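All chains should be built: construct the whole structure from the sequences, respecting the hints.
Listed below are the residues making up each chain.
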Amino acid sequence: MSQFDEQTLDLQRSIFRSKIAKAKRATMAQNLADGPKLFDQSMRLMRDAIRTEHPEFSDAQIQGEVRRRLRIAKRIDDASIYQDAGTIDGQP
Amino acid sequence: MDSLEALGRVVTVLDDLGIEHMLVGAFSSNAYGVARATKDADFVVACDAGAVLRVADALGEEYRLDRQMQFETITNTVRNVITHVSTGFDIELFRLSDDPHHQERFRRRRRGMVGGLAQGVWIPTAEDVVVQKLRWHRDKDLGDIRNVIAVRSGELDWEYIRRWAGTHGTLELLEQMVASLPKLDFLDDD
Numbered sequence: 005m006s007q008f009d010e011q012t013l014d015l016q017r018s019i020f021r022s023k024i025a026k027a028k029r030a031t032m033a034q035n036l037a038d039g040p041k042l043f044d045q046s047m048r049l050m051r052d053a054i055r056t057e058h059p060e061f062s063d064a065q066i067q068g069e070v071r072r073r074l075r076i077a078k079r080i081d082d083a084s085i086y087q088d089a090g091t092i093d094g095q096p
Numbered sequence: 024m025d026s027l028e029a030l031g032r033v034v035t036v037l038d039d040l041g042i043e044h045m046l047v048g049a050f051s052s053n054a055y056g057v058a059r060a061t062k063d064a065d066f067v068v069a070c071d072a073g074a075v076l077r078v079a080d081a082l083g084e085e086y087r088l089d090r091q092m093q094f095e096t097i098t099n100t101v102r103n104v105i106t107h108v109s110t111g112f113d114i115e116l117f118r119l120s121d122d123p124h125h126q127e128r129f130r131r132r133r134r135g136m137v138g139g140l141a142q143g144v145w146i147p148t149a150e151d152v153v154v155q156k157l158r159w160h161r162d163k164d165l166g167d168i169r170n171v172i173a174v175r176s177g178e179l180d181w182e183y184i185r186r187w188a189g190t191h192g193t194l195e196l197l198e199q200m201v202a203s204l205p206k207l208d209f210l211d212d213d
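From first to last, the protein sequence lines stand for chains A and B.
For the first sequence, the numbering used here assigns the number 5 to the initial residue and increments by one for each residue that follows.
For the second sequence, the numbering used here assigns the number 24 to the initial residue and increments by one for each residue that follows.
No lab work stands behind these hints, which were simulated from the structure alone.
For clarity, every value in this text was computed on a predicted model and none was experimentally measured.
From the three backbone atoms N, C-alpha and C, an ideal C-beta is built for every residue, glycine too.
Some hints could be false.
Partial selection, computed: residues in chain B whose CB lies under 8 angstroms from chain A [what the hints assert, rightly or not]: (1) A60; (2) K62; (3) I97; (4) G138.
Now the structure itself:
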């Protein structure tokens, strides 16, 4: 392993230890609330990025693009695990 | 309404309808490990399809039920997705299956409070989070497992985890993950 690789590995371990130490200090209530809060923050960042890239977009178009990206992320997450199983009310 | 409030509304509706439930997925690994953003809240619910429709009705127009169901092929559970329209936050309802580990996980669930919500939520134990995520073992699941093991080092019931991992054929993966963790002894002094 090169000196550069060793330094990178040391840095990764240091970041991991720091992350774990911080998490051990947080309460369960904080951690449970952080998931949706971080999601809302990431959605705001995504909307801002789309607005910067497409200044001509209306709010509705930006929201549509956000929904499109979320659908893509969900398809990737689900691809290896889920299969369609009909509709909940039995209707086509 | 933000995503946390959208989640709280679902918990209230499930409680009001008398549907036993448990919050799993990233929320449960956040509870015991390192919090990360999650685009959905996964609930295990002990009810039938009719009750899921009643949940969707009770949530009202701010939520949209996807009538398409999905079958989860690893543990044989059925999923329905309800989206909170304005935030895009998904609520996934997994009906409690006959899977032996799912049954035991549901029996062992515990109540936890969520910062910012008045009501508590039911969550699995840390051990059951590790066991379930080992079964899925997607990249994000493996990251969550590492974090839960590291944060809860010294507190986990390893006999329980190894028993189920052995049953599910994920014991080798578990041992690889434990061996790959950096030494964290210094954290015991905190």
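Sort out which numbered hints this structure fails and list those numbers smallest first.
none
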